[in-house]
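Asks: Quick note, the sequences are listed as chains E and G, same order. Residues in the first sequence are numbered from 1 upward in steps of one, following our numbering. Residues in the second sequence are numbered from 1 upward in steps of one, following our numbering.
FYI, nobody ran anything at the bench for these hints, they're computed from the structure. The C-beta atom is built at its ideal place from N, Cα and C for all residues, glycine as well. Some hints could be false.
Said to hold, decoys possible - Derived SDA-like pairs (lysine to any residue); straight-line CA-CA distance at most 20 Å:
(1) G:K178 <-> E:P379
(2) G:K59 <-> E:W243
(3) G:K7 <-> E:R218
(4) E:K295 <-> E:K310
(5) G:K219 <-> E:F216
(6) G:K7 <-> E:D212
(7) E:K310 <-> G:V220
(8) G:K219 <-> E:I311
(9) E:K310 <-> G:Q134
(10) G:K59 <-> E:M242
(11) E:K310 <-> G:I131
(12) G:K219 <-> E:T314
(13) G:K7 <-> E:K310
(14) G:K219 <-> E:I224
(15) G:K7 <-> E:P223
(16) E:K310 <-> G:P128
(17) G:K219 <-> E:L222
(18) G:K7 <-> E:M242
(19) G:K219 <-> E:N307
(20) E:K310 <-> G:M127
(21) E:K295 <-> E:H378
(22) G:K7 <-> E:F216
As the list claims (entries may be wrong) - In silico negatives: residues of chain E with every beta carbon more than 10 Å from chain G:
(23) H81
(24) A118
(25) A130
(26) I149
(27) L163
(28) S168
(29) G202
(30) A230
(31) R283
(32) L298
(33) T375
As the list claims (entries may be wrong) - Below, a sample of chain G positions facing chain E; criterion: calculated Cβ distance under 7 Å:
(34) G115
(35) V117
(36) T121
(37) R124
(38) M144
(39) L246
(40) A248
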Amino acid sequence: MNWLKPSWQALLAIVLCLIAAGLGAMSTPEAAALADPTASYDYPYFGLKTPMIGLAILAGLISMTRISALAEAVVLFIGAHLVAWMLISGITGFEGTALAPYFLLLAAAWLLAWRCVAVLSGLRPMASGARMALRLIIPAIFGAWILIIWEAVTRGAGVPFILLPPPSAIGARIASSLPVLGADVRQTIFKAVIFGYVVGSGAGFLVAIAADRVPFLRRGLLPIGNMVSALPIIGVAPIMVMWFGFDWPSKAAVVIIMTFFPMLVNTVAGLAASGHMERDLMRTYASGYWPTLLKLRLPAAAPFIFNALKINSTLAMIGAIVAEFFGTPVVGMGFRISTEVGRMNIDMVWAEIAVAALAGSVFYGVVALIERAVTFWHPSVRGG
Amino acid sequence: MDTFRDKLIPVTSILLGVVVLWYIFAVILNAPFQRDLDRRANETSTFSELIGKTLSQPKPTLPAPHQVAVNFFENTFLRPITSNRSLVYNAWVTLSSTLLGFAFGTALGIIIAVGIVHVATLDRSLMPWIIASQTIPILAVAPMIIVVLGAIGISGLIPKAMISTYLSFFPVTVGMVKGLRSPELMHLDLMHTYNASVSQTFWKLRVPASVPFLFTSMKVAVAASLVGAIVGELPTGAVAGIGAKLLAGAYYSQSIDIWSALVAGSVVAALLVMVVGIAGRLVDRAMGGRPA
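The shape of chain E in the complex, shown without the other chains (with noise of 0.2 Å):
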């Protein structure tokens, strides 16, 4: 039997598709066609059923042969997409029919994915580009099996559309709106996050070099940053709505408090970060306190600017959402996701929601990239 390595995932995924084909139909379609052959119905999966299992089966038998790593993975790749491609697409029209198999079927076909993901990470390529190319399909594949179970779970069984919208009709509320969105992120995103954003983490800075500069401000500031940072400071955005009025500057001015003190507290530390030896150079040159600075100083608690700057991108969206709950023109994305709840449309308030997940992603991504460009020389950067 040494040609034969078995894994548990794949022989329980074919124990499951046996038990499937065990159980006969599919949905309840095809269990009331099986009861009475004479009559004419209408079912899914109608001569698709044996392929499906079939292949399930066969990516299973495969990828236990003594295979390459890489030939098992694409089979296993190839035979679970496949499967759970035929299971959504033949439930068209059927939604809410699908019996046990169905779901047996998809948690084979999802044991299969497993199977691949897990062969995957064993792989150690020597080459970098293959490195970073498993580096981004392995969690690819985990996110598109969360897609693919979440569309599958809610078509099969019938999840009432309130509950939870499949992603195929997020996707297609997304497609049909753009408009919408297109206003409600320049609303919220362009005039409130970016400009709050802007001021808030700026105005942090230039208090850290002030603070820095005056040691007494430095010691009465520090805790103060730190236990402002555990309040609820986003209880303040009715008393900005108040002060500001409804439209996008009362947003701005919530997100500039959120963003505030984080960058203080960590560019204090930061600029506490450069070495005893470093800063003795630079006397030895003697350069005073702005050269300092500028040349030794801020370059060191670069790492620290811009952690700051992803918490504060995220800290951003979070406060131009949640202050836009209360109380807005009737345009942004927290005043679409809270009537559109009310009104029941949850498929336009996940659509909402996948654009801020999208926003956020791409805001923290592009201070990602910056910080990679300005601390090039760090070694957590350098030694990837």
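We have chain E; now place chain G onto it with these hints.
Replies: Chain G alone, transformed into the frame defined by chain E:
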């Protein structure tokens, strides 16, 4: 003596400066409305009278510190705890869902971290998503969770606690993964030479090493959990809780109420972080840690 000079004096003097600034801004911000009132009542007030009036408006733009303090004191100590205007009652409502969510979130975070450390597949596939999910404004989901769960008949504590769980498990997961991986190669090799099993290595080396990381991330998590509970109270239409007090204050422009609710939230947050910090120090001492 050193802490007195290096910490207490700077902190108190800056806090005093904040209070002074607050009073000045209260006068400046409330003055236009007060002049307007005076003009309508055909009164002319001297400068000192004007200042006195700006600091005692019923619905000021910026309430003076003493107004907030009086309101906070009245609503905390003078009202019966069962009254729904009592801040103690509202803070308790928020605190209960915070604690429930925090407990769930910490447990979930630890379980995920243990999975990530021990299963390579999870590490490679799940970890990037956990980090990516940090960049997403999770709080935007809060109203939907509340309303959707309300639609299927789950309301009250559970939905709010779910938001808190959601917010608090990320820091714990990230911190615990770091903590469980913090033992050095030397120590792991030592466990190898003892022929220790995976579970023995886990309980005797990884878990003790991760405790400081756990408490640090729990401090972040408990603060996030409180924010989650407060935001979770917004869409329910202001029934009870600190978030509800904020929303009600915003609806009726009761600025003093908003500020005292904010103070209450801050006090709860500070207490929670302090309790976690003390628990961390106690556990550290029980494990034989020496103050560095």
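Asks: Each of the hints needs a verdict: does it hold here or not?
Replies: Status of the hints after comparison with the structure:
no.	hint	in the structure
1	G:K178 <-> E:P379	holds (18 Å)
2	G:K59 <-> E:W243	holds (13 Å)
3	G:K7 <-> E:R218	holds (10 Å)
4	E:K295 <-> E:K310	violated (23 Å)
5	G:K219 <-> E:F216	violated (27 Å)
6	G:K7 <-> E:D212	holds (15 Å)
7	E:K310 <-> G:V220	holds (16 Å)
8	G:K219 <-> E:I311	holds (16 Å)
9	E:K310 <-> G:Q134	holds (10 Å)
10	G:K59 <-> E:M242	holds (11 Å)
11	E:K310 <-> G:I131	holds (12 Å)
12	G:K219 <-> E:T314	holds (19 Å)
13	G:K7 <-> E:K310	violated (29 Å)
14	G:K219 <-> E:I224	holds (16 Å)
15	G:K7 <-> E:P223	holds (8 Å)
16	E:K310 <-> G:P128	holds (16 Å)
17	G:K219 <-> E:L222	holds (17 Å)
18	G:K7 <-> E:M242	violated (35 Å)
19	G:K219 <-> E:N307	holds (19 Å)
20	E:K310 <-> G:M127	holds (18 Å)
21	E:K295 <-> E:H378	holds (15 Å)
22	G:K7 <-> E:F216	holds (9 Å)
23	H81	holds (15 Å)
24	A118	violated (4 Å)
25	A130	holds (14 Å)
26	I149	holds (14 Å)
27	L163	violated (6 Å)
28	S168	holds (19 Å)
29	G202	holds (20 Å)
30	A230	violated (4 Å)
31	R283	holds (24 Å)
32	L298	holds (24 Å)
33	T375	holds (18 Å)
34	G115	violated (13 Å)
35	V117	violated (14 Å)
36	T121	holds (4 Å)
37	R124	holds (4 Å)
38	M144	holds (5 Å)
39	L246	holds (5 Å)
40	A248	violated (10 Å)
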